[in-house]
Structure formats: C-alpha cells, structure tokens
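Let's have the full structure, built from the sequences with the hints guiding it.
Chains as they are written, first to last, in the working numbering: chain A, 1 to 152; chain B, 153 to 330.
Simulated from the structure, these hints should not be mistaken for lab results.
Positions of the beta carbon are idealized from the N, C-alpha and C atoms, including for glycine.
Treat the hints with care, as some may be off.
Listed below are the simulated BS3-like cross-link pairs for lysine-lysine, each with C-alpha atoms no more than 27 Å apart in a straight line [stated by the list, open to error]:
no., chain 1, residue 1, chain 2, residue 2
1, A, Lys102, A, Lys118
2, B, Lys242, A, Lys135
3, A, Lys118, B, Lys314
4, B, Lys248, A, Lys135
5, A, Lys83, A, Lys23
6, A, Lys34, A, Lys135
7, A, Lys141, B, Lys242
8, A, Lys135, A, Lys77
9, B, Lys316, B, Lys242
10, A, Lys83, A, Lys34
11, B, Lys258, B, Lys314
12, A, Lys18, A, Lys77
Selected chain B positions facing chain A (Cβ under 8 Å, derived; list incomplete) [unchecked claim]:
no., residue
13, Lys242
14, Tyr275
15, Asn276
16, Ser277
17, Tyr293
18, Cys297
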Amino acid sequence: MDNATLKERILGIVPDAKFQENKQFLTFIIPPDKMHDLAFKLQQEADLAFDFLFCLTGVDRIEFLEVVYHLESTTLKHQLELKVQTPDRENGAVDTVSDVWKTAEFHEREAYDLLGIKFNNHPDLRRIFLEEGWKGYPLRKDYVDEVNIVEL
Amino acid sequence: MKESDFRDNETLELLKQSGGNILLTTLADIMNWSRSNSLWPLTFATSCCGIEMMAAAAPRHDFSRFGMEVYRASPRQADMIVVAGTIVNKMAPVLKRLYDQMSDPKYVIAMGACAVSGGPFFYNSYHVVRGVDHIIPVDVYIPGCPPRPEALLYGVMQLQRKIKLETLTHPRKTENLK
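Here it is as structure tokens:
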C-alpha cells in the first residue's frame with residue numbers, strides 16, 4: 001500500500017489523528033485513548049498487516065512525554081510511525097500494545113525505566129536496566145543526580 | 153620497585169633491581185620469560201574496544217605472535233584481563249568479582265578511553281565508572297577510542313616488559329596494591 005492510501009486508511013480508522021510532516025515515515029499523532037484500538041486494527045486487518053513493531057521509543061519533550069511507535073509490515077512492505085503524547089509527567093499513562101506486539105513488552109519496560117512513562121495493562125511493568133529501588137528516571141530532562149553526573 | 157616508578161617507557165629496564173643471587177636471578181629470569189610470553193587473557197569485552205581486541209587476535213594482527221595466545225572463558229584459568237569497554241555502575245561488581253576469581257599473578261590492561269577515565273561518558277552521564285582503576289589495579293593504560301590493534305599490541309608488549317622486571321624477592325603482590 002502506498003503512503004497516500006495508507007494515510008486515508010489511518011484517518012478512516014481514527015479521524016482525529018493528526019498528520020505530521022516527516023521525510024522518512026508517514027507520521028501521525030494519535031490521541032492516547034485511541035491508540036490501543038488502532039494498534040489492534042493495524043495488526044489484524046489484511047490490507048494493513050503491520051506484523052512488526054520494529055521500535056518503540058520514549059521521548060521527553062519537556063511540555064509532554066511522548067511514545068513513538070515504528071511499525072512495518074513484513075509482507076506488504078509498508079512502514080508507519082505513530083506518536084502518542086501525554087502531558088502529565090507524574091502519572092501520565094499510555095495503554096500498552098504488548099498484547100498486540102509481544103516485543104513491546106520489553107520496549108515499554110525500557111521507556112518506563114528511563115523516562116517514567118507508565119503503561120496501562122502491562123503484564124510486568126518494572127525496571128529493566130537500572131537496579132530496583134533507583135530513584136527518578138535518568139533520561140528525563142529535569143533529572144538531577146549530584147553524585148554521579150559531572151556537568152560539562 | 154614502586155608502581156610510581158613506571159613513568160618512562162624507554163628506561164623501564166634500568167629500574168630493574170641490582171644485586172641478588174646468581175641462581176635466584178636466573179630462576180627469576182626463566183620464570184618471567186615463561187610468564188610474560190604466555191599471557192592468557194580473559195574473554196571479557198563490554199563494548200566497541202572488544203571489536204578491536206578481536207581484530208588484534210584475528211590473523212591480520214595476530215597477537216599470538218607475542219604470546220598472548222589463548223582466550224580463556226573462565227577467570228580461574230586467565231592470567232590477564234583486558235578491560236575493553238565502558239564499565240557501568242551495574243557492571244562494576246561483576247568486574248571486581250571476575251578479577252578476584254583470577255589466580256595470582258594477574259595483570260590488568262585498561263583498553264580505551266572508557267576504561268582509562270570514563271572517556272566520552274565522563275560528563276553528563278549517570279551510570280559510568282570514571283576509570284576502571286576505581287575498582288581494580290591497572291598495569292597498562294592504552295588510550296584511544298577505540299585504540300587500534302597495534303596500540304593493543306604495544307600495550308601488551310609493555311606489560312611483558314613490566315613482568316620481566318619481577319624478582320623472586322620482590323614478586324608482584326596484588327594484595328598490596330590498594
């Protein structure tokens with residue numbers, strides 16, 4: 001499926017998805033409550049067939065926290081980028097997609113570990129790289145660690 | 153001899169202690185010769201320096217020419233550990249444990265900027281050990297990011313020179329190095 005038809009198809013499923021100009025990927029900003037349904041449809045429907053979540057990233061944009069999903073269909077050879085934003089830094093939560101793509105389970109744990117983005121209905125949401133009991137989320141822009149960090 | 157005396161690569165041998173019994177010094181020479189020409193490194197690499205270390209072991213550079221022959225997967229069989237790569241705080245106790253499990257005499261080469269000082273992760277990083285000498289005593293430092301295989305070869309040869317200075321009356325004791 002080419003990007004123009006794919007764009008129409010996505011906007012058909014989620015009408016309030018916001019299209020974002022991007023050179024490499026077809027990019028949409030999806031409202032947080034629509035993300036899980038969209039993910040399920042993207043994977044299930046035969047003409048979309050996004051069977052591969054090749055990256056899930058957390059980003060701290062200061063005004064809001066963002067989760068970026070990079071998707072690919074290995075059979076139909078098309079790609080898609082989705083973003084979900086949550087302005088609440090303390091309790092901001094996004095629905096998990098680990099029931100749709102199993103690989104998201106570890107990716108979401110990483111985003112939780114380093115940026116403190118919480119995922120609803122995640123089967124095992126705990127730190128993955130850092131020790132249990134680590135205070136704070138080190139990849140956040142406002143993270144302060146006076147012991148370890150040497151400021152340049 | 154003191155660790156702090158190793159300043160000048162060119163005059164390393166001049167620091168060798170004079171005097172001593174002919175029998176003992178000859179015995180020491182034989183031991184040092186066999187020890188320095190059969191250094192068994194531990195298979196240990198934490199990042200990109202490890203790739204250079206593998207390249208140094210591969211046929212093109214081939215450090216088995218200098219006696220750094222077989223990589224051992226168990227610290228109990230290794231003489232030497234090349235710390236090739238970044239050591240993060242979570243890895244530090246593991247490295248210390250590996251070092252403690254090696255049998256004496258044991259040697260450490262800090263390969264690359266990360267192992268020497270923390271390197272590119274010195275500033276604005278929350279998780280990197282700034283130099284592996286915070287954890288274990290280091291014999292030879294090899295700068296570079298990552299160092300070329302030739303640099304590693306040179307570092308190994310410096311370590312061999314250092315080993316050749318040991319005597320039976322002044323053996324290297326790692327317990328004394330704090």
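Quiz item: Of the hints stated earlier, which fail here?
Solution: Violated: hints 3, 6, 8, 9, 17 and 18.
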